[in-house]
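Engineer: With the sequences and hints as input, model every part of the structure.
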Amino acid sequence: MKLKGAFFDFAGCEGDQLQVANLEEDLLELLDLLEVVSFREIMKEHSDEYDIAFVEGSCTRFEDEERLRQIRHNAKLVVALGSCATIGGINSLRNYKSLDEVKDTVYGDRADMISTYEARPIDAVIRVDAYVHGCPIDKAEFLHVVKSLVLGKKPEIPNYPVCVECKKNENICAFERGEFCVGPVTRAGCNSCCINEGTICWGCRGLVDNPNEDAHKEVLETYGLTVDEAINKFRLYFGWQRGGE
Amino acid sequence: MKEDITIAVHYVTRVEGHGNIYVNVKNGTIEKCEWNISEAPRFFEAMVVGRKWNELHHITSRICGICSIGHTLASLKATEAAMGIPVSEQDLRLRKLALHAENMQSHMLHIGYLVLPDLLETGSVLPLVASHPEELKTVIRLHRLANEVSTVVCGRTTHPQRLIPGGVSKVPKMDELTTIKKGLYDAFADLDTLVDLFLQVVDRFPDFSRETEFIALTAPDEYALYDGLIGSTDTESAPVTEYLSYTREYMVPQSTAKWAKHVRESCMVGALARLNKNYEKLSPRAKKVASLFDLKPVCHNPFMNTIAQLVEVVHSVEGSVRLITEIEAAGLDHVPEYNRPEICVKAGRGVGAVEVPRGILFHDYTYDENGVCTASNCVIPTNVNHGNIQRDMEEFVPQLLGKSQKEIELALEMLVRAYDPCISCSTHYLEVEFK
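First to last, the protein sequences are chains A and B. So in the working numbering, the last spot in the first sequence is 608, and the numbers never skip. So in the working numbering, the last spot in the second sequence is 430, and the numbers never skip.
No wet-lab data here; the hints were simulated from the structure. Check each hint, because a few of them may be wrong.
What the hints assert, rightly or not - Non-contacting residues of chain B with respect to chain A, defined by C-beta distances greater than 10 Å in every case (computed):
1) Pro201
2) Ser286
3) Lys291
4) Arg317
5) Phe391
6) Leu396
Claimed, not checked - Have a look at the derived ranges for each label pair, beta carbon to beta carbon:
7) B/Glu332 / A/Asn575: 25 to 31 Å
8) B/Ser204 / A/His409: 29 to 35 Å
9) A/Ala487 / B/Ala324: 51 to 57 Å
10) B/Lys283 / A/Glu429: 51 to 57 Å
11) B/Pro215 / A/Glu429: 50 to 56 Å
12) A/Glu388 / B/Thr320: 37 to 43 Å
13) A/Glu426 / B/Leu396: 30 to 36 Å
Said to hold, decoys possible - With a Cα cut of at most 27 Å, we get these calculated DSSO-like pairs of lysine-lysine:
14) A/Lys460 / B/Lys398
15) A/Lys407 / B/Lys341
16) A/Lys531 / A/Lys517
Computed from a predicted structure; not experimentally measured. Think of the CB as a built atom: it goes at the ideal place given N, C-alpha and C, for glycine as much as any other residue.
Structural biologist: Here is the structure:
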């Protein structure tokens, strides 16, 4: 019997669920693997009986926690979809400011009405079985994770830095170009897509499990870049992973 | 017999983000009629303060996954306006092409995946795999084509990489552009199929109109998407720097809502607003499609927004072909690898406006002399439309009394869907209480 899948979203841009729609014809292949029983963004029907829950977005409110726990309770497997869910993502950028400050900036004298706390990945609240990293997620990697889970296997996710892929792609190193790049500590699996397009690695897939930050510091010294610059870039996506440092 | 009706749609489905509909009718009297938003707050305007000029487009792109190209462009235009950064003719064409691609992608998602199931009386697009396979494949092909155009221009479809302050980091190859141009030509047949399908079912949209104000960018020489003045169906046009007077934010009692209005109680932005304001500038094929649906300015039926989107898809396919032809004629100037246009960083304030699929979008940034952002404001089209959805519901519900609860519920969901709301775009937390 086909496994049942359900999609949920919290604080995020829904760009990861969009990548599921962007599978285009391959979407039909996904539907062969999985019976989708809940996906608010595209369907009216809803069921609480599902095997795999895909969760996009960060947890940013106390009231989100209860909904997350219910999803965990209903599902056999929980998959975090995209940076906001896997590592807190760009949402955690605001954790460097006081809650009062961010609320006042956006809502002024109505700030007291706003319920929020520090943005966090969903595994800060519930157990997560698999991660699809990236901002947005990579469609092929998403399919790989789904296929692995359906077959009862552990998905293979790289645990080496983006630099490995970037070198294979024969890019000119961002540091050599005088720019700061977080590729040396960021988990690969994106095929260094941003650098290939002429920019830098911003760190959306999060830190590798044992990032060699000392080596990164040496790189900074070699290229005459400041630690401030490094910290600033680390804050874009690594805020939660680095505990607000 | 006086009726009692209780409608509570907790999370309207097939829209982007979380919104609810509450209606209570007792003894035939409407006691409550409410469009309520329960999306988590996101705080982008606070997040960008303290960040540098060359990061803001990357951060604010994340406001919305569906219109990330539009947010990137509004952001870049604000930064470029603040520092007086010029953009070349070629880069302008590439940016306009990217905007067409996103318009097509987002509209196809809405038309084909979100609205079509209502018209074919199913709960989602999934049953169409079996019941309408050819129609669905047509939708998928057009959606994929839009994404292919984005990929060629921006490097990818969502959260683009190549669009940077002052230009692009990488230009597409001419043969890539020529290939997508061929794909765009081939799309006309698919568009004809889609138009025929909608002509068969368009009368399933409720016949409802409520006079309102429409606001959209407007330009003398083209159907304004990338640039223009702020135009209104009620008033004179004004430069985008005057956006605050067109999007006066106000609070609703007992709520955390920021709604926006101009000269009336509410106004509408999006495809229908653009069509109403700029009909004459539509491409020839797009105008023809509009006439098949008898859609002409000023149309006050919000359900026709979906048809206006269909017209705009045709316009964007034709517009993209024209842009590529212009690029082919001008020849492609190749930029250096990892291109970084030279920029003189300085203090200042700039406003950037573009038309994104759901309507006019403003980003407004202030920078210090080091190019660090000290203040920001984003006005999101869906926030402007919330007030209009609420007013439509107030006028629509009395017309629906007498129908079954299920029919009323569906009609109201369809009304919300017609606006194609993008609720997670709303950087402001909204909770609407109507009493």
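Engineer: Which hints from the list above does the structure break, by number from lowest to highest?
Structural biologist: Result: hints 12, 14 and 15 break, sorted rising.
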